[in-house]
Each structure stands twice: as C-alpha cells, then as structure tokens.
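Chemist: Residue numbers (numbering that gives the first Met the number 0), protein chains in the order written: chain U, 0 to 648; chain P, 0 to 492; chain L, 0 to 101.
If you are wondering where the hints come from, they were derived from the structure by calculation, not from laboratory data. There could be a bad hint or two in this list.
As the list claims (entries may be wrong) - The calculated DSS-like cross-link candidates involving lysine-lysine, where the alpha carbons are at most 30 Å apart (straight line), are:
id: 1; chain 1: U; residue 1: 613; chain 2: L; residue 2: 98
id: 2; chain 1: U; residue 1: 180; chain 2: U; residue 2: 383
id: 3; chain 1: U; residue 1: 619; chain 2: L; residue 2: 27
id: 4; chain 1: U; residue 1: 180; chain 2: P; residue 2: 291
id: 5; chain 1: U; residue 1: 209; chain 2: L; residue 2: 89
id: 6; chain 1: P; residue 1: 435; chain 2: U; residue 2: 383
id: 7; chain 1: U; residue 1: 209; chain 2: P; residue 2: 291
id: 8; chain 1: U; residue 1: 127; chain 2: P; residue 2: 435
id: 9; chain 1: P; residue 1: 435; chain 2: U; residue 2: 180
Only a predicted model underlies this, so the values are computations on that prediction, with no experimental measurement involved.
Now for the letters of each chain:
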Amino acid sequence: MTDNMLPLMTETVLAFLPFYPLISFVLLILLGKRLSWRLAASLSIAAMVLSALSSLFVISQLSVDIPVITSHLWTWFTLSLAEGANQTNQSAASININFYLDGLSAVMISVVTGVGLLIHIFAAAYMKADENFSRFMAYMNLFIVAMLILVLADNLVLLYLGWEGVGLCSFLLIGFWYQEKANVLAARKAFIVTRIGDTALAIGLFILFKELGQLTIVDITQNAQLLWVAGDDKAYWITLLLLGGAVGKSAQLPLQTWLPDAMAGPTPVSALIHAATMVTAGVYLIARMNGLFLLAPEVMNYVAWLGAATLLLAGIAALAQSDIKRVLAYSTMSQIGYMMLSLGAGAFSAGVFHLMTHAFFKALLFLTAGAIIVALHHQQSLFKMGGLLKRLPFETALFAVGLVCLMALPGSSGFFSKEAIIAQLWSSDTAGPLLWYCAIFGALLTSIYSCRLFFLAFMGESRFEQNLQPSSSKLLKFSLIALAVLSLIGGVFANIIEMSLAEVFPLDTRIVESDPYWLHSVAIATPFVGIIFSWFYFASYRSKESAASNKNTFIASSSGIATFCRQGLAFDSFYHWLLVKPYCYLAQLNRRDVFDQLLMLNAWYVGLCHDVLKSSQTGKLRWYAAAIGLATFLLLLVLSVDVISTEAS
Amino acid sequence: MSITLVMCGLLFGGALAWLLEGIKPQSARWVSLLTVLVIGVYFAIALNSTAYDFSTLQLLVRVAWIPSFHIEYALALDYLSIVLISLTLFLALICVLVSWQEINDKVGFYYFNLLASIAGIVGVFTAVDMFLFFFFWEVMLLPITALIAIWGHEDRHFAAIKFFIFTQVSSLIMLVAIIAMSFIHYQQTGQLSFLYQDWLILDLPLSLTQYLMLGFFIAFAVKLPSVPVHSWLPDAHTQAPTAGSVLLAGVLLKTGAYGLIRFVLQLFPQASLNFAPVAATLGVVSILYGAKMAFAQQDLKRLVAYSSISHMGFVMLALFSFNIIAYQGAILTLVAHGLSSAALFALAGMIYSRIHSRDLNNMGGFWLNTPRMGGFALAFCAAAFGLPGLANFVAEFLSLLGAYQRYPILTIIAAFGLIGSAIYGMVLFQSVFHGKRQVKPQAINDLSARELLVFSSLLTLLIFIGLYPNSLLDFFQSENIKLVLNNTAGVTK
Amino acid sequence: MIAIPLSHILILASTLFVIGFVGVITRKNTLFILMSLEVMLNAVGVAFIGAGSAWQQADGQVMFILILTLAAAEVALGLALLIQMQRRFKSLDIDLLSKLKG
C-alpha cells in the first residue's frame with residue numbers, strides 16, 4: 000500500500016463505519032422471524048465487529064500530524080443566503096452528510112462500538128428466548144447507526160439526525176415489550192420529554208444559522224470566536240438552547256423524569272442506551288460545542304449548577320429506590336451530573352474521560368443486574384433479593400467490581416475520572432468551592448446508595464425462595480468479564496484520552512496550585528466515609544440474624560420522605576399537574592373544535608329560519624285562505640290609513 | 000408536451016372505466032390503473048424530451064376560448080407546477096391502488112370521478128388564464144364532492160355538503176376578485192384580460208390590491224386550510240373513502256398552497272408583504288392548534304386530518320416569510336406532506352377494512368399480527384413528526400430556519416409544534432400498534448402485496464427525498480425565484 | 000224607480016263577501032266551502048253591477064257575466080274534485096288533504 004492510498008482508504012473506512020449496522024438492521028427487519036437465532040445474532044454481532052474494527056483502524060490513523068479525518072459522502076441540502084444577511088459573506092451554506100473524526104469523536108466511537116459490541120454479545124445471549132429476537136437486534140443495530148452518525152457528524156443538522164434517531168430507537172426499545180401498558184407509557188414519556196429538549200436544540204440551530212450563516216461545527220466555532228467576545232448575548236441564548244437539548248437527552252434537571260421510567264425496556268437496552276451511550280449525547284454535544292460554550296461563561300455556570308443539582312437529586316432518589324434497575328438509573332443520572340459539572344467547570348477532557356469510564360462500569364452494572372434479574376425469574380425488587388453472595392458468586396463479584404468503580408475507590412477506572420473532575424472544580428472560574436462541596440457530597444451519596452444496594456441484594460439472609468436459574472451462556476459471561484476488565488483498568492486510558500483530546504479542547508491555563516492541600520485527601524477519603532457509615536447504618540440489611548427475625552420489615556419504607564425520594568423528588572407529579580393535565584384538559588375541552596362550532600353557527604341560523612318558515616306550511620287549505628284574507632285586510636288597512644292621512648294633511 | 004392531452008387522457012380513461020364497468024366488472028380498476036400509468040409515463044417522457052427551460056413560467060398553449068371577453072385557453076408550466084403535477088399523478092396511482100378492494104359499488108363511476116378530479120387538479124396547476132383557472136378549480140371540486148357524498152362513511156352527506164359550501168363560498172369570493180382584476184385591466188388598457196401574464200404587469204393601486212389580495216387569499220386559505228377556516232377538512236377527510244382522503248390531503252390542499260405562491264404572492268407582492276404578519280400568525284396558530292386538536296381526537300382519520308392542518312401551517316408561515324430557504328421548505332413540505340399524509344390515510348383505510356372502525360379505542364396491540372404494517376406505520380408517523388432522514392424533517396427544518404430570519408418570535412412559538420407533533424404521532428402509533436391486543440388475532444391480516452407496494456413506494460420516496468432533498472430543491476434554486484422573492488422583499492426598502 | 004245609493008250596494012256586497020269568507024275558513028266540509036266561494040263570487044258580482052249602474056257603464060255587467068262563467072266552470076271542476084275526494088277518502092273534510100305541508 001502506497002502512502003497516498005492510505006488517507007483515501009481511511010476516509011472510505013470512516014465513511015462506511017455506520018453502514019455495517021445499517022445493513023444488518025435492514026436485513027434483520029426484512030427477514031424478520033425467518034432468521035434463526037444463530038443467524039440473526041451473528042449478523043448483528045458481525046456488523047458490530049466490523050464497525051468496531053473500522054473504528055480501531057481509523058482511530059489508529061489519527062496522530063499529531065493528522066488530528067482530523069473527514070469523509071464526505073454527499074451534499075444533503077444547500078441553504079441559500081440572502082445577500083449580506085450575515086457577516087461572513089458567502090452565498091450558500093452546504094449541509095453535507097460528512098463524517099468528522101477528531102480526538103473527541105474517536106473517544107465516542109470507540110465507546111459506542113466497543114461497549115456496543117460487548118452489549119450486543121450479551122444481548123444475543125440474554126434475549127435468546129424472546130420470539131422477536133431479530134427485531135430486538137435490528138433496533139439495537141439501528142441505534143448504533145444513529146449514535147455513530149451523532150458523534151461523527153460534521154454539522155449540527157446531521158448531528159440532529161443522529162440525535163433524533165437515537166431518540167426513536169430509545170422509544171422503540173423501551174417499548175419493546177409493547178403489550179404492557181407501563182412500557183408503552185414509559186416509551187412515550189421518554190420520547191416526548193426528550194423531544195422537548197430537542198425542540199430547544201432546533202431553535203438553537205435556527206438562531207445559530209441566522210447569526211453565523213453556518214451549521215458546520217468547525218466553522219461555527221471559528222466564526223463565533225472571531226465575531227463574539229465572551230459574554231456575548233447571542234452566544235448566551237444559543238448555548239442556553241443547546242443546553243436545553245443536552246439536558247433533555249442526558250436526563251438532567253429539569254427534564255430528567257423520563258430516565259427512571261425508561262428502565263421498562265430490556266436490560267441490555269438500559270445498559271447500551273440509558274447508561275453507556277445515548278444519555279451521554281448531551282455531554283458530547285456540550286463538549287463538541289465547547290468553543291461556543293466558552294463564549295458564554297454564564298451558561299457554563301448553569302451547566303455546572305444543573306449538573307450538581309442533578310447529581311445530588313439523583314443520589315438522594317437512588318437512596319430510596321427498591322427496584323435494582325431504578326437505583327442504577329438514578330445513579331446514571333447522577334454520574335452524568337458529574338460529567339455536566341465537569342463540563343461546566345471547563346474541565347472538558349475530564350468530563351469526557353468520565354463519560355468513557357462510566358460507560359464501562361455502568362454497562363457492567365446493568366448487564367450484571369440483568370443477569371441477576373433473569374436468575375431470579377424477573378424479580379427486580381431489592382427487598383426480595385438478599386444473600387446472593389453465596390448463590391450467585393460470579394455475578395456478585397462482577398457487580399462488586401462495577402460498584403467499586405462507581406464509588407471511585409482508588410485504583411478503579413472511576414477513581415481516575417472522578418478525581419480528575421473533582422480536582423478541577425475548586426479553582427474553576429465557572430464552578431468554584433461550593434460546587435466542589437456538592438461533588439464531594441454527591442460522592443458520599445454514591446457510596447451510600449451503592450452500599451445499600453450491595454447489602455440488600457447480596458448480603459444478609461436470602462429472601463428469594465425459589466430456585467435460581469443463572470444463565471450459563473458463554474457469550475454472556477465473556478461480555479461481562481470483558482466489561483469488568485475494562486472497568487478495572489479503564490484508568491490506564493487516562494493519558495491516551497488526555498492526549499487525543501488535547502487538540503479538541505482549549506488548553507487549560509489555570510493555576511492549580513491555589514487549591515488547598517487537603518482537597519485530594521478529602522476527595523479520596525469520601526467514599527470510604529460513605530462505606531463506613533453504611534456499614535453501620537444499614538447493618539440490619541447485611542446481618543443475617545435481624546433479617547431472619549423480622550422478614551416483614553423488609554419492605555420499602557412508606558414514610559413521607561421515603562416516598563417523596565422514591566418518586567424522584569416528586570418531579571413527575573409536579574409536571575403531571577403543571578403540564579400534562581392542563582394540556583389534556585385543553586384538548587378535552589376543545590375536542591369539538593371551537594372554530595368549527597362558530598362556523599357551524601351559520602348553519603344553525605339557517606336551520607332555524609328554515610324551521611320557522613316550515614311551520615307555516617300546514618297544508619291546510621282553510622289556514623291558507625285565512626292567511627290570504629288577513630293579509631289583504633291588513634294591506635287594505637294600511638292603504639286606507641295612508642290615504643286618510645294624506646287627505647287629512 | 001401537451002398538458003391538454005394529459006387531462007383529456009385522464010377524462011377519457013375515466014369515461015372508459017365507467018362504460019366498461021357495465022360490460023365487464025373489474026375492468027374499471029384495470030382501465031384506470033393503466034390510464035394513470037400511461038399518463039404518468041407520457042408526462043415523464045414528454046418532460047424529458049421538451050426543450051423548455053421551466054425555471055420560468057413557460058406558456059404552452061394559448062387558444063381563444065370566449066373571444067368576446069378575451070377569455071383564453073392558456074396553459075403554462077414551470078418547475079413548481081411540474082413537481083405538483085408529478086405528485087398528483089403519483090398519488091393518483093396510490094388512489095387507484097388503495098380503492099382496489101374498498102369500492103364495490105358503482106365502481107366505474109367511482110373511478111370516473113377520481114380521474115376527473117385529478118384531471119381538474121392538473122388543470123388547476125397549469126391554467127394561467129384566470130377564468131380557466133376558476134373553471135378547473137370547480138371541475139376538481141365537484142367529483143371530489145361526489146366521491147365523499149356517494150362512497151363516504153356514515154356521515155358522508157353532511158361532510159360533502161360542508162366541504163362543498165366552504166370551498167364554493169370561498170371560491171366565489173375569488174371569482175369576484177378575478178372579475179375585478181379583469182376590469183382593472185380593462186380600465187388600464189381598454190381591453191378585458193384574464194391572462195396571468197397580463198395581470199403581472201398591471202400597475203395596481205395599493206388600496207385596491209389589499210382587497211383583491213384578500214379575495215384570493217381567503218379562497219386559498221380555505222383550501223390550504225388555515226385556522227379558522229379549516230373545519231371542513233376534518234369532516235371531509237374523515238368521511239371520504241380512503242382514496243378521497245388521500246387525494247384531499249395529498250393534492251387538494253396543495254392547490255391552496257399553489258395558489259398562494261402563484262397568485263397571491265406574485266400578483267400582489269406589496270399587499271402580501273403588508274399582510275404577511277397576519278398570515279404568518281395564522282400559520283403558527285394552525286401549527287399549534289392542529290397539533291393540539293390532533294392529540295384530542297379518538298378517530299384515526301380525524302387525527303391525521305388535524306395533523307394535516309398543522310403541517311400546512313408550516314407552509315403558510317414559510318411562504319409569508321419571503322425567504323428563499325423558507326420558500327424551498329414550503330415546497331418541500333408540500334411534497335413531503337403529500338406523501339406522508341397520503342400514507343397515513345392509506346393506513347387508516349387499511350385498518351378500517353380490517354376491523355371496520357376508525358376509533359382508536361377499538362385498536363391496540365396490532366403489532367403482534369401485523370408487524371409489517373406496524374413498521375411502515377412507524378415510519379410514516381415518524382415522517383409526520385419530522386424525524387430526520389425522512390422528507391418532512393428537511394421540509395420543516397428549512398421552513399422554520401427560513402422563517403426564523405424574518406419572524407424570530409413566531410418561529411420559536413411554531414417550533415413548539417415539533418413537540419405537539421411528537422405527542423400526536425406517539426398517540427397515533429401507540430394506540431394502534433402497542434398495548435394489549437384488542438381484537439381477535441384472525442381479524443387482522445398483515446399487508447397484502449398490493450398494500451405493500453403502496454407503502455413501500457411511498458416510504459422509498461420519503462426516504463429518498465429525506466436524504467437527498469437536492470433532487471427537488473435544485474429546481475428551486477434558480478435565479479428567477481430569487482428574483483421574485485427579492486422583488487417582494489425589495490418593496491420594503 | 001228609487002235610485003239605491005251605491006254605498007248600500009257596497010255594504011251589501013261586502014257583507015255577503017265576509018259571510019262567504021267566514022264560511023270558507025270555518026267550514027270543514029268541502030261542499031260548503033264551494034258554496035261559500037259562490038257566495039263570495041256573487042258578492043263581487045253585486046259590487047260590479049252596482050258600480051256599473053252608478054257610473055252608467057256596461058263594463059260592470061260584462062264583468063258579472065265573466066264571473067258567472069267563471070263560477071260555472073269552477074263549480075264544475077270543484078264538484079268533480081269533490082266526487083273524487085268522496086271516492087278516495089270517503090270524506091269531504093278539507094283538512095284531511097294536507098299532504099302539501101312543509
């Protein structure tokens with residue numbers, strides 16, 4: 000292979016990257032149930048393997064000399080501009096189907112294809128018995144396509160395509176078991192809530208285009224930095240709207256309510272979409288548009304505060320959950336809160352690094368939880384588990400690995416990424432000590448709910464009476480072990496990530512020395528404090544004696560505060576009363592269409608006149624005669640009065 | 000290139016179908032299918048072999064019709080009419096196919112009405128003599144009224160009369176404006192003229208044009224339809240037979256938009272400019288109101304009908320923003336909505352033929368038995384709520400992007416329609432295909448080969464336009480359209 | 000011969016006319032309605048004759064002969080209808096014939 004062939008080949012490989020899963024999706028949908036499990040599984044996994052290998056290849060081509068690889072597929076549409084409508088003086092802006100690979104998208108595609116591949120392998124084993132297996136794998140493949148387009152898009156419209164595409168796949172997969180009313184409603188809720196964010200994003204695009212005449216990400220960043228100074232009003236509104244989109248997709252305050260319900264989907268879906276990839280799209284968007292966000296320090300501050308608020312809220316809500324998947328869902332929200340907080344503090348690469356490690360360990364946690372749930376005959380309540388340490392040692396070990404990463408105990412991947420975030424908060428311009436305290440408190444909450452989960456599920460007396468059915472599938476075990484290894488050693492990627500992202504994000508020029516000396520020690524010690532606290536506070540959960548003596552106490556607490564926390568701090572009912580009810584009420588009120596009623600008044604009036612006149616048509620001859628007589632008489636009377644009055648005058 | 004031949008061919012085919020029905024049943028369907036196919040092929044070949052440059056309006060035929068009033072038989076074509084005629088002929092094919100098994104009564108007469116109204120629509124898209132335009136406007140109306148009144152559902156007479164009165168009253172207002180325009184021409188040149196090109200060069204006093212513009216605007220706004228004169232549409236769409244709904248939503252509404260583009264905006268640029276804020280507001284109200292009303296409906300076809308109102312609001316908003324991007328978006332919306340709403344009405348028809356109900360409460364869990372129909376339905380719902388990758392997204396995106404340049408606040412309000420459309424799209428899809436199964440499994444079969452053909456051709460087009468909209472937009476990038484828009488925009492300066 | 004004042008004749012005529020009219024609207028029996036109609040026609044006739052003699056013109060008598068002819072034709076038609084009515088409905092009640100109501 001000659002040297003000038005290589006770039007061309009790289010571009011081609013990049014161009015085809017999302018299309019392998021697409022082909023697999025089309026084949027799976029067309030052939031449907033005619034495919035055997037083996038064929039359908041190998042088809043979808045093969046597509047993922049191809050994508051993963053391609054991404055490895057294109058990432059390997061990235062270097063200091065070639066920081067960016069682009070691949071042009073075709074021109075989507077062209078936006079003509081009126082003369083002088085913008086400051087950049089071009090006559091048309093092309094919106095292309097272009098893929099753009101730099102350090103940031105490289106991290107994203109390696110997560111999407113790598114974790115995606117492992118989850119596909121798990122899903123193939125996990126969903127084997129489902130009669131709609133090929134449809135499930137088709138949706139998963141379609142999701143990967145949309146996600147890859149999202150992270151590879153070189154302009155915001157193409158990004159929006161991926162953005163909506165992952166939303167649709169999320170909807171389809173949450174509602175995969177569509178016969179259950181709850182799943183259907185959860186799917187609808189997820190789609191509509193994220194759609195609210197998407198609309199904000201779309202409006203952001205409109206404003207961006209009006210102001211800059213561009214929608215290509217690189218040009219936007221360049222032009223914005225040329226035209227605007229930090230604190231510009233336009234940058235403020237645009238980034239605020241982009242943040243709206245990010246908040247919707249990433250389940251942050253105030254659009255976070257859909258994520259816990261989204262756990263209605265099959266567990267691999269929760270792992271792939273609602274933990275590892277899709278929900279981090281908002282983080283990706285903000286990281287991708289960092290050039291713009293840096294121009295709006297206030298919005299950066301909002302991002303940080305939203306992240307902090309979400310991580311605390313989700314941590315508190317996770318403390319009260321009884322469903323294992325819901326604990327993990329709230330934990331996902333809270334971890335994404337960390338990422339947001341980090342982005343808001345300007346620590347972009349730390350945020351993206353946490354995104355990656357979180358993808359590893361949260362996928363591991365969800366998948367292991369899925370394996371446990373299957374072994375327990377689809378029992379998801381923590382209060383019905385207990386003592387699984389002995390009964391499912393393999394799963395317990397994996398879950399423990401995941402929790403260690405989640406709590407960020409030293410040595411695990413989560414430790415490296417979370418410490419990197421926390422370390423940068425204190426002296427950040429857009430964050431500060433207050434947010435650092437929030438993050439530390441969040442870490443404390445994380446370790447407490449992790450311990451609660453672990454004690455309830457794995458320690459104490461076994462509260463599950465039936466026999467367990469652990470899966471013996473090799474595929475399943477392989478993917479779990481691979482994820483566990485990634486979670487444990489994920490920290491070693493820190494330097495690679497740092498290097499590859501150095502080109503994407505502005506250099507951090509802050510002086511870190513101003514931080515107090517105790518910051519790091521406190522941050523490292525926090526999870527241990529949480530563990531020690533839980534060890535004693537949740538002693539009843541782990542001790543066998545108390546569990547045996549009063550099994551009945553192991554129900555979800557029904558006190559007001561616990562219920563309030565379990566329902567995600569009552570945001571659901573708040574929105575229900577604030578938005579859903581009024582909209583439905585309005586719709587009900589006006590079902591007959593008030594405009595139609597007004598127009599039909601004409602018809603009613605004509606009908607009325609018709610009825611009045613009709614009633615005079617009796618068909619009785621004598622009435623007609625009388626009417627003629629009376630009318631003649633009246634006529635004569637009028638005439639004679641007239642004549643008399645004229646004569647008198 | 001003879002448009003007359005296209006229209007005559009359609010009428011002839013319809014008449015033949017009517018006649019042959021008495022001799023051999025079933026023949027009417029094949030005759031009309033063949034007619035539409037042949038005419039479509041002829042239209043395509045004739046377009047390719049012609050030397051005209053359709054980026055401007057090209058006068059094809061001009062024959063005296065009623066010489067004493069200078070009324071002429073004048074037809075002209077440009078890319079706008081070509082795109083809309085192509086859409087019409089394609090949907091005509093869909094119409095013939097969807098009524099294949101639905102119509103069993105007076106089949107020949109049915110197809111005659113169908114083809115006659117399509118001939119009328121083709122005429123509307125090509126006539127440049129305004130009297131002739133009005134004539135075709137009525138020609139397309141009567142057969143559709145007959146379609147609703149004879150082959151419709153339970154409330155068909157009411158719906159047909161309502162439809163007829165709405166369109167008739169509004170078109171009479173337009174007739175007044177047409178006659179007034181022709182008299183103005185008489186005052187200025189000493190000769191009556193109904194020819195569009197003659198009217199373009201008239202020097203009209205602004206005070207008068209405002210009323211004339213309103214005369215045209217009302218007629219087209221009723222057809223579009225825009226709130227508050229939309230209420231014929233839910234009834235007509237709901238009660239019409241499937242092909243009637245497809246035709247109404249797919250093409251008939253487009254005649255309103257076509258009239259706005261061709262006549263209101265170009266004959267009365269200044270008056271339209273003055274009126275634009277009102278029209279754009281009506282558009283935004285239509286978007287939101289339509290979306291909200293669609294959500295409230297229990298009747299599948301009514302839901303889709305209200306969603307049409309919402310989509311046409313985008314057209315209204317885009318057209319009255321005098322912006323080339325919005326203009327392209329409006330035209331793309333016409334095509335995209337033509338395809339997607341046709342598909343949704345076809346879907347409603349197919350479901351009706353299986354369970355004999357349009358009530359959403361009687362549906363649910365259909366996916367179990369009809370995964371193919373479900374897949375297509377999902378794609379068409381996704382098109383309706385503007386999923387990127389399908390034609391409607393590009394259309395709505397361009398419309399809103401362009402409109403934003405002129406009306407930021409209105410456009411932001413209109414963007415909430417995206418949420419509304421997601422809500423009704425979800426309600427539509429989920430209440431039919433998700434949830435517990437409502438009817439016995441043997442009652443619903445998956446798509447037949449004919450239905451599969453209908454759906455897959457519609458979906459292919461939607462995806463193709465969605466991913467490669469330049470195939471259409473390239474026609475609307477020419478300088479002359481920019482000129483028209485600049486003229487309208489230039490008046491402000 | 001004593002000349003009868005025109006006003007007397009007109010009072011007689013209008014009295015007769017009102018009697019006839021009241022007969023038309025109060026009687027249900029078609030035969031009586033026809034008879035009342037005759038009375039009304041004759042009232043008009045009386046008025047014509049009176050007016051003719053008052054103005055010394057023959058037009059009044061010409062009109063009376065016209066009315067007489069008309070009345071004869073009308074009675075012929077009316078009685079024919081009456082017989083038909085009796086045959087079809089077995090009744091002469093005019094109110095039964097109200098098919099033409101709106």
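Chemist: With reference to the structure, classify each hint as holding or not holding.
Modeler: Structure-based check of all given hints:
1. Taking the CA atoms of residue 613 (chain U) and residue 98 (chain L), the gap is about 14 Å. The hint holds against a cut of 30 Å.
2. For the given pair, residue 180 (chain U) sits about 24 Å from residue 383 (chain U) by alpha-carbon distance, which is consistent with the 30 Å threshold.
3. Annotation: proposed proximity of residue 619 (chain U) to residue 27 (chain L) holds, straight-line Cα distance about 10 Å (limit 30 Å).
4. With a C-alpha separation of about 23 Å, the suggested pair residue 180 (chain U) and residue 291 (chain P) falls inside the 30 Å cut-off, and the hint holds.
5. Between residue 209 (chain U) and residue 89 (chain L) the CA atoms are separated by roughly 89 Å; this puts the pair beyond 30 Å, and the hint is violated.
6. For the suggested pair residue 435 (chain P) and residue 383 (chain U), the alpha carbons sit about 28 Å apart, so the restraint of at most 30 Å is met.
7. The hinted pair formed by residue 209 (chain U) and residue 291 (chain P) meets the criterion: a straight-line CA distance of about 29 Å does not exceed 30 Å.
8. Proximity of residue 127 (chain U) to residue 435 (chain P) is assessed by CA-CA distance (about 23 Å); at most 30 Å being required, the pair is judged to hold.
9. With a CA separation close to 7 Å, the supplied pair residue 435 (chain P) and residue 180 (chain U) stays within the 30 Å bound.
Going through the hint list in order, the structure does not satisfy hint 5, though it satisfies all others.
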